[in-house]
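Undergrad: Note that the protein sequences, when read in sequence, are chains P and S.
For the first sequence, the numbering used here assigns the number 1 to the initial residue and increments by one for each residue that follows.
For the second sequence, the numbering used here assigns the number 1 to the initial residue and increments by one for each residue that follows.
Incorrect hints may have been included.
Said to hold, decoys possible - Mimicking DSSO-like on lysine-lysine, the simulated pairs with C-alpha atoms at most 27 Å apart in a straight line are:
#1 S:245 with S:78
#2 P:398 with S:400
#3 S:258 with S:245
#4 P:310 with P:398
#5 P:95 with P:45
#6 P:310 with S:400
#7 S:258 with P:398
Said to hold, decoys possible - A few chain S residues facing chain P, derived, Cβ under 7 Å:
#8 59
#9 112
#10 117
#11 123
Claimed, not checked - Non-contacting residues of chain S with respect to chain P, defined by C-beta distances greater than 10 Å in every case (computed):
#12 55
#13 118
#14 277
#15 312
#16 316
#17 347
Don't read these hints as lab results, they were simulated from the structure.
Every residue, glycine too, gets a C-beta built ideally from N, C-alpha and C.
Residue strings, one per chain:
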Amino acid sequence: MSTQSTLDDTSTAAGDGDAPGRPRRRRRSPGTPHASGTVGGLVAKLVLMAVVNAFGVFAILAAWNEESYGILAAMVALLVAADWVYFSRRTLPLKYVLPGLAFLLVFQVYVVAYTGWVAFTNYGDGHNSTKEHAIEALLVQNERRVEGSATYPITVLERDGELGFAVVDEDGDVRVGTAEEPLAPVDGATLDGGTVTAVPGAELLDRRQVLERQDEVTTLRVPFSDDPEDGSIRTQDARTGYVSTSTLEHDAEADTMTDVTTGTVYSPSDDGWFVSPDGERLNVGWRVAVGFDNFSTAFGDSRYAGPFLKILAWTFAFAILSVVTTFLLGLFLAITFNDTRLGGRRIYRTLLIFPYAIPGFLAALLWSGMLNRSYGFVNQVLLGGADVPWLTDPWLAKLSVLLVNLWLGFPYMFLICTGALQSLPGDVMEAAKVDGAGRWRTWRSVTLPLLLVATTPLLISSFAFNFNNFTLIYMLTNGGPRFADASVPLGHTDILISMVYSVSGLDGTAAKNYGLASALSIVIFAIVATISAITFKRTKQFEEIS
Amino acid sequence: MRRSIPAVAATLGLALTLAACSGGGADTPEATTSATAGGGGGSGDLVVWVDETRQAAVEEAASAFEEENDVRVEVVLKNFEDIRADFLAQVPTGEGPDITVGAHDWLGELTQNGVVAPIELGDRSGDFEQVAVEAFTQDGQVYGLPYAIENIALIRNTALAPAAPATWDEAVAAGQAAGTPYPVLIQTGTEGDPYTYYPLQTSFGAPVFAQNEDGSYSPELAMGGEPGHAFAQWLQAQGQAGVLKTDVTYDIAVEAFKNGESPFIIGGPWMLEQFEGLDLSIDPIPSAGGQPAQPFVGVQGFYVSAQSENALLANDFLVNFIATDEAQLALYEAGNRPPALTSAAETASEDPITAGFAAVGADAVPMPSIPEMGSVWAFWGVTEANILSGAAEPVAAWDKMVADIQGAMGS
């Protein structure tokens, strides 16, 4: 799709010369063919659209095969849209934005919408899947082998179009049964070394046929006798059979589970469990919508509310301070190295970019080793064997996080400030000089405002990035040191996104709660979006003034 | 926002390609064929998730299975740390594997979420070490095919300490007499390591959960009260004496032992590869509180997905091809963990080191596999570390930990 849009640009550019240096825009009369530029362009476009269509049809067929109707509908819609946009004459702007829009839908909008949906469910441990799956799992888990029963060598067969088992019983007699007919002795069956080789009136299935129908074979239950109390024969490998009984039964009409041994009836509850009248619940639950419960837990539950506010405050402090410190240091260095009198500027500049070249997660991991209290390089070598608890004291840990982020982040700011400084218009500077402004005055009133116009969007994006700077926190402190007064596993350097990670339980140290984690993600999204929107708006006013 | 459209499209196109690559990147090279050949269900490929230490052994067993059944077994390499969460998330979508490797303590979570199917071992269950089958049993049903048993023990460098210590104080005294920088090494870290500290905790009579008569755990915390306080105070004393430190991470501990900086380290068979050249003896963990020091036993095994379309193949593969001496010994050689199949374990125990770990394991307790165990780790380790480092008062911190775990279990 990428190449297609690029090529489309060039093919339409001929009829739509916006680029500088070309003659003024010529209005196309409605009658002219669309790709009026070149024949080559038209051919290239047709070829590319053929590829896109082939790919789209393939994806649609694949989705149909997999019975993924959501993906199928989305692919059909996208393909129709693509063909309409690129073969219609009235959709010029869409020709440019469609590829981007399509990817935005797939990668952003879908993910955000899915997270939003999960935030209103109780997805997590115990509520991992659908109700059908939960019922299936409960039935499977409560089907028990009859205690003390024997193991039977079995053979799978087909009789009158129905699958059945041929079983060799304790006396060496062959008994055959299907799902409808209980096991009964048959005459005339032949045996070879304990396995059945032929049964009159029935066809034995060979290994390949068994594998082709393995779903039917594993779900087949052949009653052991006329008495249902005796249980039924089942197999898991089509070689041996076991007698088993179910202790739990599902009543599809009433939608209840019944414990056959005690007679207790479990009915589905609003929060996704089967619950008995006296409050006892079955092991496996399912996902249900819970409304705003997750949000009220984040803000209202006393176990989460306190840490949440502290972490929110620290997240803001961390993001703002990170942007300010890295920007100031980067700006200072950029101004210093922008001075032509300084010798060897290129070497210094290259060296300064060095921290930027190391992957962030690696650098954070290295720093966590260097800041180790007893063995770290900083305490042992730089501070001569001092015992500074860099990462284990609440305030020092926060300082360490900020310092490491400063080390990681200033080269970026240095780069963009250097670029912005070098592109400042020379005439404005000269005008300031002519007007008799001093160096400081020029810098305050001309350089800095112009610089800020260029860099503010980048500062906002840097803020958004640091607001969600999971890698640094996870690798450097993992959120620690822990809050001493909180009852949830969260710490002094946790930011919102690392809090989301520990709440979601993905690291295995806590029960999973994807619902709550998604709700917190939505809160983060709202905060970052609001702040970005406000600041972008203010930047616009700023730009208009200058 | 201001980047040109072609650039955005190109970046996104690249992202799509990368996503497509990473989707198949974890798979074996043949994985691409399954995308075209799979599809309609029925007898497709048998998909098995393994981590890198068991890959070769499983592939070997798989090739024998492929020949006999004329099916393809696709062995997918995954990070062991990712398997648990990925299995839970992917099985309900139908995209999960048929079989995955796993640890027995996941069992509670896997059954609670309905993603594993029981395995009927039948008469074969007698061929396994009893503790291994018990570990995979919940409520009378077996859910996994065990292949290895692992536990920690006291690893002793015989050049530095000629005799096995009977108590913790003897071990510390022997360590100090050896004149090495550390009397005893235990990996700790700032977040603690309750798994490695557990034998010392049980020696005070403070097990994590109460055990029923049949050995299964009930979700009732048992580590509070007097015994727990005694352990907490002992931790504080060790920290103050400088015997145990939170700065000692796994890497630091292993490195120090390798360099002969301590006669003792508490650890498992997975460390042995790094200690080549040292003359080692595997001893029971010395008791600190007077009662027997029982470490956790972990059992490794294979689970069958509840949504597997190849349930028959999967069970056949496990019961008839993995529960064999050859496969179990191949897995043993790959990971150094004693096999769960009794006959294979006997062969492996010809090695004195393996026999040493197995002897300690015989008196150990299975790690609880009830879902409530998931709520314990996050509080347990950090509390121990804080008491050790002196950041917290032992009794108060221990009581708060117990209350917090209760709170997390109740929610």
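Undergrad: Now tell me, hint by hint, if it's right for this structure.
TA: Hints and how they fare:
no., hint, in the structure
1, S:245 with S:78, "violated (33 Å)"
2, P:398 with S:400, "holds (25 Å)"
3, S:258 with S:245, "holds (18 Å)"
4, P:310 with P:398, "holds (13 Å)"
5, P:95 with P:45, "holds (12 Å)"
6, P:310 with S:400, "holds (20 Å)"
7, S:258 with P:398, "violated (35 Å)"
8, 59, "violated (21 Å)"
9, 112, "holds (5 Å)"
10, 117, "holds (6 Å)"
11, 123, "holds (5 Å)"
12, 55, "holds (22 Å)"
13, 118, "violated (7 Å)"
14, 277, "holds (24 Å)"
15, 312, "violated (4 Å)"
16, 316, "violated (4 Å)"
17, 347, "holds (26 Å)"
The structure is inconsistent with the numbered hints 1, 7, 8, 13, 15, 16, although it conforms to all the rest.
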